[in-house]
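Undergrad: Listed below, chain by chain, are the residues.
There are 2 protein chains.
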Amino acid sequence: MDSQQETNTMANTAIDTFTDAATTTSTGMVSLTSKYSNRVLVKTIVERDDGGVGLIGERLVIGGWVKSSKEVKKEPVTPAPAPTSDDHGAAVASSPKRKEKDVSCVEILQSRIPFFRTIIKVLSGGSGGGSTNTIREKLEAVLPKPPLPSTLFLQISDGSSVAALQVVVESTLASPSRLLPIGTCILAEGVLDHSFQGNRVVELKVDKILHVGTVDHDKYILSRKRLPLDKLRDSAHFRPRTTTVASIMRIRSSLSFATHTFFQNNGFLYVQVPIITTTDAEGFSEKFQVTTLLEKADKEEPKAAEEIEGVSLDNIKAAIKEKSNQVEELKRSESNKEALAAALQDLRKTNELASQLEAKEKTQPAPSIKTDKINISEDFFSRQTYLTVSGRLHLESYACALGKVYSFGPRFRAEKKESSKQVAEMWMVEAEIAFSQLEDVMNCADDYFKFLCTWIVENCERDAEFISRRIDKTIIDRLQSMMSCSIEKITYTEAVKALEKVTEKIFEAKLEWGVALTAEHLSYLADEIYKCPVIVYDYPKAVKPFYVRLNDDGNTVAAFDMVVPKVGKLISGSQNEERFNKLNTRIEELGLPKEQYEWYLDLRRHGTVAHSGFSLGFELMVLFITGLTDVKDAIPFPRSLGKANN
Amino acid sequence: MDSQQETNTMANTAIDTFTDAATTTSTGMVSLTSKYSNRVLVKTIVERDDGGVGLIGERLVIGGWVKSSKEVKKEPVTPAPAPTSDDHGAAVASSPKRKEKDVSCVEILQSRIPFFRTIIKVLSGGSGGGSTNTIREKLEAVLPKPPLPSTLFLQISDGSSVAALQVVVESTLASPSRLLPIGTCILAEGVLDHSFQGNRVVELKVDKILHVGTVDHDKYILSRKRLPLDKLRDSAHFRPRTTTVASIMRIRSSLSFATHTFFQNNGFLYVQVPIITTTDAEGFSEKFQVTTLLEKADKEEPKAAEEIEGVSLDNIKAAIKEKSNQVEELKRSESNKEALAAALQDLRKTNELASQLEAKEKTQPAPSIKTDKINISEDFFSRQTYLTVSGRLHLESYACALGKVYSFGPRFRAEKKESSKQVAEMWMVEAEIAFSQLEDVMNCADDYFKFLCTWIVENCERDAEFISRRIDKTIIDRLQSMMSCSIEKITYTEAVKALEKVTEKIFEAKLEWGVALTAEHLSYLADEIYKCPVIVYDYPKAVKPFYVRLNDDGNTVAAFDMVVPKVGKLISGSQNEERFNKLNTRIEELGLPKEQYEWYLDLRRHGTVAHSGFSLGFELMVLFITGLTDVKDAIPFPRSLGKANN
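So the sequence lines, in the order shown, correspond to chains R and A. Under the working numbering, the very last position in the first sequence is 646; numbers go up by exactly one each time. Under the working numbering, the very last position in the second sequence is 646; numbers go up by exactly one each time.
Take the hints with a grain of salt, since some may be wrong.
One copy or two, it doesn't matter: identical chains are merged, so the pair holds either way.
DSS-like cross-link-like pairs, simulated, lysine-lysine; straight-line CA separation at most 30 Å [to be verified]:
(1) 450 <-> 43
(2) 225 <-> 43
(3) 74 <-> 643
(4) 219 <-> 582
(5) 582 <-> 67
(6) 35 <-> 219
(7) 531 <-> 138
(8) 74 <-> 473
(9) 70 <-> 231
(10) 43 <-> 510
(11) 489 <-> 531
(12) 582 <-> 35
(13) 145 <-> 417
(14) 569 <-> 489
No wet-lab data here; the hints were simulated from the structure. Note that the structure is predicted; figures quoted are calculated from it, not measured.
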């Protein structure tokens, strides 16, 4: 199978022109070659204002994957002679520089071995002095007609742009069956030329193939064009090769950088809050536990079996013990961990053998981990630890020292339900500001949201246009209207009143002061009443987390939600309770485990300050920008109930 | 305890001058007020080239925490009259604008209630027509002498700068005992003035106290000055309030932004690889397991007890069942999760009651989770899942579609050993480049490292200077030399030869071709032989992970390590095996569980391409920049064996 793909040493000489002319050199020329990657990005050509015309005549190396392809056969003029090695050699030799080993040529010759065998057979059968004519007739009778030469038109995408570049390859350079399948990887050198097909402006006329990574057409999931997004989710490792997911992921990357830029420009410091935590940031979350005990239970299983096993297994177990000791020895030697590989491999194999023997002798297989007792005090952290659901509490401790801080990282929910708005592992942006009140942080959320919209309009024009065509035609208008819109701020009480007046729709959940507003309620405000993002604030205290600051009325708390059209709740925030007694009472009222929050109460015991913050569901922001409807399509590797494939 | 801290409505009127003059307005004036935080950052004043002199006369609001303080008593001229409410009122009234409720004034009056009571008592005891003199004598006899007025000099830090601002408060404005303790939070308004103390240039003369967050001096860990860093680790929520840790965290934030800037500027896309994974990225890592089964085991425990319990407990359990149903009902109603709080609180309390009753009746407490059988197929993901040890494999799938990608996120190791170079939860930067070879990625690592050094020199001058004084005097020179140094690239074989020649030192681990180089070996290369960062590449295949590309010699692989002075190995990278058969063989040779890597092999089955990448231990980079020696001081919330306190 090694012939399936081959990588050639890069044609460094051919691209030296560009590498040498890098931006940093004194020549003043702009380098076309992508740094660290020895090729010119498709974006560099097709996203020029002139569509690439100014680069016509340049010798370039292009690398990418075939998006679509077409083969145009050439008309035969005379009966083509059977191809010979010279023919192929000549075709390759037409390339101006030929320093490296020509793998494609060797391979073509190898593929013709049966053909040469046939010639030898016919020639051996003929009489020594047979006329040339007879031999020629015999050859023509037994040999298949050679394929007509053809021209291959490949649309190559390299992920740098939503647009592809047309690459033109003569079939004499490489076998069409290897180049044509969708998904084939190709690295090729040639000269940029005018294109007269469709509305293309330029194309690369290839004279040298540097690498081909073939595709097994029948087994490659992307061989079928345009799989729906939900079908692609189980192939998270392949789906960025689709135009749509690639575009989404470029937008996501751009939103990430916009996030850092916004906060850093506004004097915020980036703080990486912990992922493994002992604090429940909301008091009632469904959490994942982090442990090393299951592995341990797993490993201990053979020991139980040992007692009932025969001699041969005993011997193997003794060997395992010895090898384990060796491994432990190696582990103790600091920084030598790579050297473990060999020892571990040995141990693993012996373990496998033991397992096989055990399986034979045991009546029951082991689909489950057996353990009479899992002792948490023996766990890695000597206590129950969880994956964090929110970084806001931890972030507060940094705000109450450094002033303005933000975080951007993965957060986790083990809620066993299917939802298009939530995955088990999400990314969240959280901000926290000392010496601030609810209004400050609402303004910050407002500015941040608009900054993201503006950033995408200004930096991701082509992706936004493509996504607009493919997913949601309204998004560009929507994004542009966001940049200047005035985000309405209404109290919860006003929101309830506004919704109570609605007659044209009956909401599923009952509506009265004191209940939580459902997704349906909130979306109605943004989609129908205001047709614009809305901030709802001053919620009844029962519907918001324990840490939110109690308002002077004693009934409401200084929390807000920002709701945006199409997506619903995008940002949640609050001024947090800085008064020790009020917070302490609230923790007691809710019956939360006090010892978990001692460090958090500490922030109020010593040098407390008014502070506020918010969190934004990053995948939801991607939905808002792209018009997607399911967050599973907005994150590189979605994790949800029963789904963690890689 | 509520009087311990009070927050006033912000003196918005006082700072309107600056808010209105925000950078975006047409006046062209630069706003001094920090956005979303209603105060002027200390940095804005003290980090000006003129040290703040140009702002003298400006009315400002400053907020921060007391770093150090001093009280200077005023000499008594005549026996001071007992303070009256007028005295205090007058002091506050000296503030030019006084629209808001003056909390500090009210509070001062409240604190004098015992004093007023004494006056009333004395006056009531005196005869109706008693002479004023007698009453005065009586009063003087019973009342304590009022404290002499004093001036408080507070060094205030707000986390925006390593420097503090001197804030001068007269004791008539607020009680010295509340303001003086280290760690007190203060928000105050005043006018910037010349300072004639020490080498300070300016100070804020306060005329209005807007907020005080007091400190319980005896219980506050930072009351003692200059705790060593290792003593601070258990107080991760407080330590950013120390000058050193604040400085480290500003540098860390700056390094994070530099990272994003470097990669985005070079055309890389940011990809968030998954944290929860089923793939072991190295094949032999110590991993944390992610599960929801322990919680379940925990919850099921009461059921077992139920069978042996009496009637009263049974009743409670029935109630729990009913309440649980209610909770489930609420959970099913999408997006209504805040409404759960009340129901869950109710349920939790009932559960607690049940637990208490159970504890009484049961002989043994439950320090451990009991469960006869943990069935992995019932786990959240229906299979064993882990916290990722490295994002490189997942990142490859994006490189093989989008070209140049990077990741920056938390990675986890459950190694049960103490190490100053590793914590259980670290942040890593990973990059992956399609169409690249080992040399490309070594150059990229080299450029990235130098970019970070340059960034810190250019953007964190004051923090670097401070850290240099406090931790390591050589760091500024070292950083500057890095910006222009030529990083030596040597093969593993050359490294072994160079180390074999060393006579002045005997290494702990034996040295011969084929062994892994230990931390001691690597550090010797960078610290002693080259006195500069060194890249060692082309390692023996046995000491590097399964995915590294086999070189043509069949013995070495295209891996590299970049070693830097003082820290040791900072970056590890490799060209990864893109040839299906070679990779497949390696996985089999090492006895790795093949099914885990099917998706990874897929990348070689379809459209494979030469690609390379590296990873940088972010905390190690912080060590290199700061001269710290333990990564636990370089990450906001360190997690290590037995340590996860919040």
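Undergrad: For every hint, state whether the structure bears it out.
TA: Hint check:
Taking identical chains as interchangeable, the C-alpha atoms of residue 450 and residue 43 lie at most 30 Å apart whether they share a chain (27 Å) or sit on different chains (27 Å). Within a single copy, residue 225 and residue 43 get their C-alpha atoms as close as 23 Å, which meets the 30 Å cut-off; across copies the closest is 56 Å, which misses it. In this assembly of identical chains, residue 74 and residue 643 lie within 30 Å of each other by CA distance neither inside one copy nor across copies; the values are 50 Å within and 72 Å between. Only between protomers do residue 219 and residue 582 lie at most 30 Å apart by alpha-carbon distance; the minimum there is 20 Å, versus 62 Å within a single protomer.
Taking the shortest alpha-carbon separations for residue 582 and residue 67, only the inter-copy value of 27 Å comes in at or below 30 Å, while the best intra-copy value is 61 Å. With identical chains, the CA atoms of residue 35 and residue 219 are never at most 30 Å apart, being 34 Å at best within one copy and 55 Å at best between copies. Proximity of residue 531 to residue 138 under the C-alpha cut-off of 30 Å is found in neither arrangement, the shortest distances being 81 Å within a copy and 74 Å between copies. For the homomeric pair residue 74 and residue 473, neither the shortest alpha-carbon distance inside one copy (42 Å) nor that between copies (74 Å) is at most 30 Å.
Taking identical chains as interchangeable, the C-alpha atoms of residue 70 and residue 231 lie at most 30 Å apart only when both belong to the same chain, with a minimum of 26 Å there against 69 Å between chains. In the homo-oligomer, the alpha carbons of residue 43 and residue 510 never lie at most 30 Å apart, since the shortest distance is 53 Å inside one protomer and 51 Å across protomers. Within a single copy, residue 489 and residue 531 get their C-alpha atoms as close as 13 Å, which meets the 30 Å cut-off; across copies the closest is 60 Å, which misses it. For the identical chains of this complex, residue 582 and residue 35 are inter-copy neighbours only, at 28 Å across copies versus 57 Å inside a copy, given an alpha-carbon limit of 30 Å.
Taking identical chains as interchangeable, the C-alpha atoms of residue 145 and residue 417 are never at most 30 Å apart, the minima being 61 Å within one chain and 69 Å between chains. Taking the shortest alpha-carbon separations for residue 569 and residue 489, only the intra-copy value of 14 Å comes in at or below 30 Å, while the best inter-copy value is 52 Å.
Of the numbered hints stated above, those contradicted by the structure are hints 3, 6, 7, 8, 10, 13, listed in ascending order.
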